[in-house]
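From just these sequences and the hints, can you work out the full model?
Chain by chain, the residues:
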Amino acid sequence: MKSTRKAYGEFLLGEGLKNENIVVFDADLASATQTQMFRDKFPSRHFDMGISEQDMVGTACGMALSGKTVFASSFAIFLTGRAFEQIRNTAAYSNININLCATHSGLSVGEDGATHQSIEDIALMNVIPGMKVFSPADEIATRKILKQCLKLDGPKYIRLGRSETPDIYSSDEEFELGKSHTFGNGQDGTIFATGMTVSIALEAKQILKEKGINVRVVDLYCIKPVDKETIIKCAKETEKLVSIEDHSVIGGIGSVISDVLVENLPKKITKIGVQDKFGKSGNYKKIYELYGITKENIINKFI
Amino acid sequence: MQDLINISNDIRKDIIEMIYEAKSGHPGGSLSCVEILVALYFKIMDLSLDENNMQVDRFILSKGHASPAYYAVLSKKGYIKHEDLITFRKYDSYLEGHPSNKIKGVEISTGSLGQGMSVANGMALEKKLSGKNGMIYCLLGDGEIEEGQVWEAFMSAHKYNLSNVVAIIDNNGLQIDGTVESVKKLDNLYNKLASFGFNVKEVNGHDLSELIEALNEAKLSDKPNCIIAKTIKGKGVSFMENQVQWHGKSLSDDEYRLAMKELGGNI
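For the record, the sequence lines run as chains A and B. Read in order, the letters of the first sequence correspond to residues 0 to 302 in numbering that gives the first Met the number 0. Read in order, the letters of the second sequence correspond to residues 0 to 266 in numbering that gives the first Met the number 0.
Certain hints may be false.
Stated by the list, open to error - Pair by pair, the computed Cβ-Cβ distance ranges are:
no., chain 1, residue 1, chain 2, residue 2, range
1, B, ASP186, A, GLU288, 53 to 59 angstroms
2, B, ASN52, A, LYS17, 23 to 29 angstroms
3, B, LYS127, A, SER30, 21 to 27 angstroms
4, A, GLU236, B, GLU50, 52 to 58 angstroms
5, A, ASP39, B, GLN1, 55 to 61 angstroms
6, B, VAL243, A, ASP39, 49 to 55 angstroms
7, A, SER30, B, LYS248, 49 to 55 angstroms
Just so you know, the hints here were simulated from the structure itself, not pulled from any lab data. Just so you know, even glycine gets a beta-carbon here, dropped at the ideal spot from N, CA and C.
In structure tokens form, the structure reads like this:
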């Protein structure tokens, strides 16, 4: 069990030792985003811009234009919301090579409540031309995806979480741009998930199996460009389609999958996620229950 | 100095030509910053490339709507073909209404106001980090600095003591909805900037000698620099000068002929 933000902090520390060209930006949240590990080891290469996300994105772009390998972090709500237009116009339109790593995404922020829970960030980043969007489910996925990002040019958004997630992947798993990972080959249905919801989907898959229903789980760890081939394949091979995400169902992975299906193989999909509502304070597992982001809700869709 | 004055006049003619041909654009704020750009590109900046293939001195036009002035200067410097200027804003052209870094010589896309200063800081920070020489110049509008991000960036320049940064404010006093004083109230800009930790200098933004002197002084400064350039919006075309309606509109045939006549151009 480890949070993906912790995995991010450790990745920066590890890569920072090997690669002097890496610089890290934060906006007064280094202890929360976990960039503090990098800051403590390499203080001259860590820039805390204060509570100024817009300035942070711009400054990070200037640094990237000077040849540095740049990571910039804040909570998902502030990075993609407050600095949306800086990301859109300064970073993406200019095709700046920047890694925007947002932690505390979705309802899983928990106690801080609705103002701090980004349920729109996938939608906001997906709609920007040329933006690449990743959403790792566990520690290994985080590390490997970030490693991939070092090789990819242009603006990238990596969606990370506050809460701990179970270990899902083994270290020999590969993660590539535009790909996904499929667990199992059940014919009765497909559960599409991303980030925090992958482990929930896997639990549901196990329980359904015990009930004689065989489903597969697709981890859309790369939301843009999305793995169209796998989505179409699953729509062809399996009976029922369900998506589950810690994000609004408007503009999240459910929408992304729907877009692919409508253009290629129209088929019904049931979207589990935040149904056009704001979040609330509390233990995140209780909030997940309130919004139906649970294995029980997935199972109900198949029974 | 006469050669720089002549160049400035040529740039003004190009600006009028481009906006007239495009039937849209921003003449007022383009004409007000001509001398600032000419001083930078023809006297101050080292435009050569360093070992990493990056310009030694770098420039960001944060007030991106002055693209006609910028493109005209880049054209005079050989980055853009002169005959391409009249394609400005047109469907088949690469000369976007606001600067895009797909254009040779343009470092970063700008136009959405308030975003350039942070980028300039990032470039300056990298120079300090890597021990590189060179200055970063950022041209802002006085209306533009109503954007909060600009002041976040000013605080960052102070925090990291970016003495290799020069913010130049084109202080023409007008913006779309009226005077800057009536729309947002800048009051004493000099004191504001000084209190943010800047080495501030006020100059006549149409006096090339004053501009060059201030820009040379900035190179020796141990603090981030700000030059408040007092300018006239629409400078050089009598009927545009200090007229708020010339922020963003094109010229009729008669206005075009009159403007070109005043600038001594051939029609």
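Against the structure, the hints:
1. Separation of B:ASP186 from A:GLU288 is about 54 angstroms and conforms to the stated range, judged on CB atoms against 53 to 59 angstroms.
2. At about 24 angstroms, the CB distance of B:ASN52 to A:LYS17 agrees with the hint of 23 to 29 angstroms.
3. Distance hint for B:LYS127 and A:SER30: a CB-CB separation of about 26 angstroms, consistent with the stated range 21 to 27 angstroms.
4. Between A:GLU236 and B:GLU50 the CB atoms are about 55 angstroms apart, so this pair conforms to the stated range of 52 to 58 angstroms.
5. In this structure, A:ASP39 and B:GLN1 meet the distance hint of 55 to 61 angstroms, their C-beta atoms being roughly 58 angstroms apart.
6. The hint said 49 to 55 angstroms for the Cβ distance between B:VAL243 and A:ASP39, and at roughly 53 angstroms that hint holds.
7. Roughly 51 angstroms separates the CB atoms of A:SER30 and B:LYS248, a value that falls within the hinted 49 to 55 angstroms.
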